[in-house]
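Undergrad: The chain contents come next:
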Amino acid sequence: MSNKLENIKKLNISKPLLLDCKQTVKNFSLAYETYGKLNESKDNAILVFHALTGDQFVSGINPVTKKEGWWVTAVGPGKAIDTNKYFVICANVIGGCMGSWGPKEIDKKTNEPYGLNFPVITIRDMVKAQETLLDHLGVEKLLCATGGSMGGMQLLQFCATFPNKTFSAVPIACSTSHSAQNIALNELARQAIMADPVWDKGEYLKKNTQPKNGLAVARMVGHISYLSEKGMQEKFGRKLQEKADYEFSFDADFQIESYLRHQGYTFVERFDANSVLYITRAMDYFDLSRQFKGGLVEAFKNQKTKFLVISFSSDWLYTTKENKDTVIALNASGADVSFAEIKTDKGHDSFLVNEQEFLKTLKGFIDSMHIKFKNEKRI
Amino acid sequence: MKKEFKVIADLLPKNVRVLDVGCGDGSLMSLLIKEKNIEARGLELIEENVKKCIYKGLSVIEGNAETELHQFPNQSFDFVVLSQTLQAFYNPEKVLKDLLRIGKSVIISIPNFGYWKVRTSLLFFGKMPVTKTLPNTWYNTPNLHMCTIKDLFHFCLEKNIKINRVIGVNEDKTSEIKKSNLEIKNLFSKLGIFLLS
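Going down the list, the sequences are from chains A and B.
The first sequence stops at residue 406 when you use this note's numbering, and every number in between is there.
The second sequence stops at residue 198 when you use this note's numbering, and every number in between is there.
Each hint should be verified, as a subset may be incorrect.
To be verified - From the structure, some residues in chain B lie toward chain A, with a derived Cβ separation under 7 Å:
| no. | residue |
| --- | --- |
| 1 | ILE55 |
| 2 | TYR56 |
| 3 | GLY58 |
| 4 | PRO143 |
None of these hints come from the bench; they were simulated from the model.
Here a beta-carbon is modelled for each residue, glycine too, at the ideal position from N, C-alpha and C.
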């Protein structure tokens, strides 16, 4: 996989970054991709933050995996976020494994992959690194920033840490802090990885291997949480996988089993197990109210950014209630906030799949914000 | 009713912060932004309307005014507007209290059940009235607590809510309603618009 990563865009961040764990890093790389062109008046830049297992390849074909980008449903020519019109930026988070500084990169001190010597990073660390990229690309103020799930959490952090760096923001299916249920599910994923003997305290890369079984189980946990009970029942029910009857074995008799195994084992081809540990930890540590003395109200104080919070009715990972709590906090701070709940059975995954009502709302908001942003710039 | 929005817009000073509760497709908010440079926010229950507002670039929160007004801090708006919805709540008194908590002033409009055509419908035909301002029949009306201008007037006095102005609307005509002309205006106004604080 490492050879394939040589041709992707990378920014070397030379400015020292003080991480939340108190370590300072410098000269680390941030891999990114852009789509469309920044226009002359620089009013069309949109920053996308990716979710747990995403990467910088939002649209088109991912050059490493040769598969479609993770958000092709929303981003591309003629799509809700139209790359003929907008300049779309996305960076791989630090701690990730698509070219950015992460646990599988080589530690210059030891000349070996970091493994568990990589520092525990946070959502704020990720966001600070990405802000540097905007300077590099010549973007002074974004038209919009958006992201779902962990991407939404990064976005809320971005708005709190860099107020008014974006004209508008669309946090999707996320929260201002990770709930007990979400920490529990992440812990399940981590324990699955760490229980795989191949993981070997994170040293597996030195032996050029990967704890595939543990990582696949971790991914399966994730996939269950991304669907809704109703959606799963409708899609799979008790349907059998290419067979007429039970086989009285532990093979994948049911379609849902086969689906999970497929998702699990294709994931190991493209993702690093230690990255899952580090990124899920960053999500668990995320609690915006903890960073500010006055809590969330203080976090969003003096925001001029126009927010649109979107939730999905069947999402049980980041529920409508949690998303509404973000809206309440924004309201209490006097921020300009809109909120829409999309009625769908597609669960947390709704923002990634072809959910028309969601895509129409996203497009309607961003297009109207573009008009307002242009007017503001003119004045 | 366009006239109603015009009256509401005229009641509002320029550059204030307004929360439009039950903002529909955002027509009133658009008007207030355009004519009065008002910072407008909306709360709307119907998903389709919420999207219409978003497409227009208006700030709107999808939610139910009956249960979700608590999210707005005390005195966080200069004005709160409630257009022809008070009668549709399970607990209008609680909603009204919340509106007065959120806004420094409150503008409420109600379809007047005391309008003469409404009265004659009941008196002469013995049937629940169906008019332009009350277009639904008894079995499908969203209106749970119909009242007259006089009812709301007395309610405010009883609850110590300060009535700053009451305006009666009949088609294109508007008139000031005072205690002295309440009986007659209650008979000839299709709509009552109250400015309270």
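Undergrad: Check the structure against each numbered hint from earlier and tell me which ones fail, lowest number first.
TA: Result: hint 4 breaks, nothing else.
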